[in-house]
Amino acid sequence: MLNIKDLHISIEGREIIKGIDLEVKAGEVHAIMGPNGSGKSTLASALAGRELLEITKGHVTYLGEDLLDMSTEDRAKKGLFLGFQYPVEIPGVSLVNFMKTAVNEQRKFHGLEPISASDFLKLMREKQDLVGLHTKLTNRSVNEGFSGGEKKRNEIFQMAMLNPKLAILDETDSGLDIDALKIVANGVNKLRTKDNATIIITHYQRLLDYIIPDYVHVLYKGKIVKSSGKELALELEEKGYDWIREESK
Amino acid sequence: MSNPNMTRDLSADLVKLYRANAHVLADNTGEILNMQRQDALEDFMRLGVPDIKNEDYKYTRIEDYLKGNYDVEFTNDPFKVNLREIFKCDIPELDTHVVLVMNGFYYHDNNLSDLPEGIIVCGLNEASVRYPEIFRQHYGRYARTANDGLIALNTLFAHDGVFVYVPEGQRLDRPLQVINLSFSFRNLRITRRNLIITGDNATCNIILCDHTLSAHSYVTNSLTEVYAGKNARFDFSRMQNENSISSQITHTFIHQEENSVVSSNTISLHGGLIRNNFYSRLNGTGCENNVYGLFLGDDNQHIANYTLINHATPNSTSNQLFKGILDDNATGAFNGKIYVSRNAQKTIAYQKNNNLLLSPTARMNSKPHLEIYADDVKCSHGATIGRLDNEAMFYLRSRGISEKEARQLLMYAFADEIIGKIQVSLLRDRIIDMVDKRLRGELACCSNCDLRFG
Ligand SMILES: Nc1ncnc2c1ncn2[C@@H]1O[C@H](COP(=O)(O)OP(=O)(O)O)[C@@H](O)[C@H]1O
Ligand SMILES: [Mg+2]
Chain A
3 MLNIKDLHIS IEGREIIKGI DLEVKAGEVH AIMGPNGSGK STLASALAGR ELLEITKGHV
63 TYLGEDLLDM STEDRAKKGL FLGFQYPVEI PGVSLVNFMK TAVNEQRKFH GLEPISASDF
123 LKLMREKQDL VGLHTKLTNR SVNEGFSGGE KKRNEIFQMA MLNPKLAILD ETDSGLDIDA
183 LKIVANGVNK LRTKDNATII ITHYQRLLDY IIPDYVHVLY KGKIVKSSGK ELALELEEKG
243 YDWIREESK
Chain B
200 MSNPNMTRDL SADLVKLYRA NAHVLADNTG EILNMQRQDA LEDFMRLGVP DIKNEDYKYT
260 RIEDYLKGNY DVEFTNDPFK VNLREIFKCD IPELDTHVVL VMNGFYYHDN NLSDLPEGII
320 VCGLNEASVR YPEIFRQHYG RYARTANDGL IALNTLFAHD GVFVYVPEGQ RLDRPLQVIN
380 LSFSFRNLRI TRRNLIITGD NATCNIILCD HTLSAHSYVT NSLTEVYAGK NARFDFSRMQ
440 NENSISSQIT HTFIHQEENS VVSSNTISLH GGLIRNNFYS RLNGTGCENN VYGLFLGDDN
500 QHIANYTLIN HATPNSTSNQ LFKGILDDNA TGAFNGKIYV SRNAQKTIAY QKNNNLLLSP
560 TARMNSKPHL EIYADDVKCS HGATIGRLDN EAMFYLRSRG ISEKEARQLL MYAFADEIIG
620 KIQVSLLRDR IIDMVDKRLR GELACCSNCD LRFG
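Protein chains in written order, with this note's numbering: chain A, 3 to 251; chain B, 200 to 653.
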C-alpha cells in the first residue's frame with residue numbers, strides 16, 4: 003500500500019528526515035515511536051503533502067502511484083488520512099459544513115452524487131457515537147474552543163467519517179485520559195479491516211496496550227534505528243529512550 | 200498624475216456647473232433645500248474637492264474618480280422606461296416596503312399603500328414642501344458643510360432622495376427597502392440626499408441597495424441624515440453593488456438621543472471606488488451605536504471607510520467593526536476615529552479593523568485615531584492585516600477539500616462575523632449567497648436583475 007524508499011526531508015534547508023525506508027501493507031498496523039523532536043510529525047505531514055517541507059531525496063508510492071506527485075487533497079481523496087498532533091482551530095468554518103464538503107469531495111471523486119442531508123446527519127450521529135464525541139457539533143467551528151481531548155476525538159471522528167485506506171495518527175493519544183484513550187483505540191480497532199492500514203505515531207507505549215501493532219519502528223534523529231514486532235514497544239517502555247540513545251552512539 | 204491644480208480645476212468646474220444650473224435647481228426644488236445652497240457654495244469654494252494632503256482623504260485620490268465628462272440630470276424627467284419592468288428585485292420573500300430611486304430621483308410610481316398609519320415615506324423634495332416643519336427641524340442639521348467639501352457639494356446640488364418619518368412610538372412593521380438605481384445612456388454625475396427621522400420610542404429598519412443597471416460610469420455623491428429620538432431603534436443595512444467604472448461616495452450622519460440604539464451594516468460588494476464616511480453623534484446618555492462594514496475588493500478597486508464616532512454625553516457605547524478582503528491590485532483604507540468629550544464619562548468605545556490580503560499586490564492602510572478627553576472610559580482599537588492561514592489551508596486540504604474550496608471556506612469564515620450581525624434573516628441569507636458568489640469571482644448582481652452591471 004505504502005512504500006517509502008530512502009526519503010530525505012528538509013525544513014528551511016535543515017535536514018530533519020535523513021533517509022527512511024518503510025513498507026506498509028494492507029491490513030497492517032505499524033507503530034512509529036521515538037523521543038520528541040526525532041521527526042515523527044515531519045514524516046507524517048510530508049506524507050499528507052504539507053508544502054512547507056522539502057523532499058530532497060527518495061520516493062514514495064501509495065497504491066502503486068507516486069505519492070509525492072499528488073496534491074494534498076488528491077492524497078486525501080485517494081484514502082490517505084492524517085490525524086493531526088495539533089488539530090488546527092478554524093474560527094468561522096462550521097465543523098458540519100467542513101465535514102459535508104469533505105465527504106462530498108470524496109464522493110465526487112468516486113463518481114457518486116452528493117450525500118443527502120438526512121444520510122449525512124445519520125452518518126454523523128453514527129460516527130460520533132463510535133468515537134464518543136458527544137458534544138453538540140452543530141453551530142461549532144472546526145476545533146474552536148474544543149478541549150484537548152475533544153480535539154483528538156474529533157480527529158478520529160473525521161477519520162471515521164472519511165473511512166480512509168491508510169490512516170496516519172500523529173500522537174492521537176497524547177492529552178487523553180485512560181478512558182478517552184480506550185474509546186479512541188476502540189474506534190480505531192472497529193475501523194480496522196484487511197484492506198486498510200494504520201500508522202500510529204506515539205511516544206508512549208500505553209496506546210499500544212489497546213491497539214496491537216504488527217510492527218514497531220523507532221525513529222531517532224531522522225532515521226529508523228530499530229524495527230521489530232510488538233515486543234519492541236514493551237522493551238522501550240521498560241528501558242526508556244536512553245537505551246536507544248546509547249545504542250545509536 | 201499628481202497635478203497640484205487638478206482638484207482646483209475640478210472644484211472650479213463644479214462651481215461653474217452649479218452657477219449655470221442654479222436657477223433650474225431653484226425652480227424645481229423646495230425652499231428649504233434652496234435655503235442652504237448659498238452657505239454650501241461658500242463652503243465648497245473654500246474647501247473644494249479634498250486632495251490627499253487632507254488627512255482624512257490621504258489614502259484616496261478622490262479627484263481621480265470625480266474628474267471627467269459627466270452629464271447631470273437637474274430635473275426629474277418623466278421616466279421613459281417603466282422601472283417595474285426593467286427592475287425586479289429577486290428577494291420577493293424579503294417582504295419589505297419597496298421604493299425605487301432612479302439616478303437620485305424618487306420614482307413617481309412607488310406603491311406604499313400598506314404603510315402603517317402616520318408613517319411617512321416619500322421623495323425628499325416632496326417632503327420639503329409637504330412637511331416643512333418637521334423637515335426644517337432636521338434637514339442639514341447633522342451634515343455640516345463646513346468641514347468637508349464633498350458634504351458641501353452634496354448640499355449644493357441636493358435635489359431629491361428618500362424621506363422617512365416614523366413618528367413617536369410608531370413602528371415600521373416591515374423593513375423599508377430603498378433601491379437606488381443608476382441607469383442612463385451616458386456617463387452621469389448623481390447626487391442623492393436622504394433624511395430619516397425616527398421619533399422617540401419609534402422603531403425603523405431600512406435596507407438600502409445600490410445598483411448600476413447599465414455599463415456607464417456613474418459618480419454618485421450620496422448623503423443620508425438619520426435622527427434617532429429618545430429610546431428609538433434604528434437599523435440600517437446597505438448593499439453596495441456597482442460596476443467597476445463607477446464611483447460612489449457616501450456620507451451617513453447619525454444623530455442619537457438618550458437610550459437610542461442605532462446599527463448600520465454596510466456590505467461593499469463591488470464598485471470602482473467606494474468611499475463611505477460614517478459620522479455618529481451620541482448626543483444623549485445611554486446610547487448604543489454600532490457601525491459594521493464588510494468590503495470585498497479585487498481588480499483595481501479602491502474601497503475606503505472613514506468613521507467619526509463622537510461621544511458627546513456619558514454612559515454610551517459604540518462598536519466599530521470593519522473587515523475587508525482584497526485581491527489583485529485592490530487597495531483599501533480604514534480611517535477610524537473615536538472622539539470622547541470631557542464630560543462623556545463611562546464611555547465604552549471599541550474599534551476593530553481586520554483585513555485579509557489575497558495577493559501580494561493588494562494593499563490596505565488602516566489608521567485608528569482616538570481623541571479622549573474624559574478619564575473614566577473604556578476604549579480599545581485594533582487592526583490586523585493578514586493572509587490566509589497556511590495551517591488552516593493544509594488542514595482543510597488534508598481532508599480532500601480542493602485548494603479553491605478551502606480558500607473559499609476561509610474567506611467566507613472571515614466575512615461571517617459581519618454578515619452574522621445583519622438582523623433581517625432573509626436579507627442575511629441573501630447576502631450570504633451574494634458574498635459567497637462574489638468571493639468565487641462570479642457575478643454578484645442579484646440574479647433576477649434583467650439588466651446586469653457591465
Ligand atoms: N515548522 C517548522 N519549522 C522549523 N523547524 C521545524 C518545524 N517543524 C518541526 N521542526 C523541527 O524538526 C524537528 C522534528 O520535529 P517533529 O517532526 O515535530 O518531531 P516529533 O514529531 O518527532 O516530535 C525538530 O527539531 C523541530 O524543531
Ligand atoms: Mg510530533
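Source of the hints: derived by calculation from the structure; they are not laboratory data.
Every residue, glycine too, gets a C-beta built ideally from N, C-alpha and C.
Keep in mind that the hints are not guaranteed to be accurate.
To be verified - Listed next, the stretches of chain A that the computed footprint assigns to chain B, with coverage defined by at least 3 CB atoms under 8 Å from CB atoms of chain B:
(1) 51–60
(2) 104–118
(3) 193–205
Verification of the hints:
Coverage of the segment 51–60 of chain A by chain B holds in this model, with 4 residues showing a Cβ closer than 8 Å to a Cβ of that chain against a need of three. Under a criterion of three residues with beta carbons nearer than 8 Å to beta carbons of chain B, the stated coverage of the segment 104–118 of chain A is upheld, 4 such residues being counted. Counting residues of the segment 193–205 of chain A whose beta carbon lies closer than 8 Å to any beta carbon of chain B gives 0, which falls short of the minimum of three for the stated coverage.
In terms of the numbered hints stated before, the structure departs from hint 3 and from no other.
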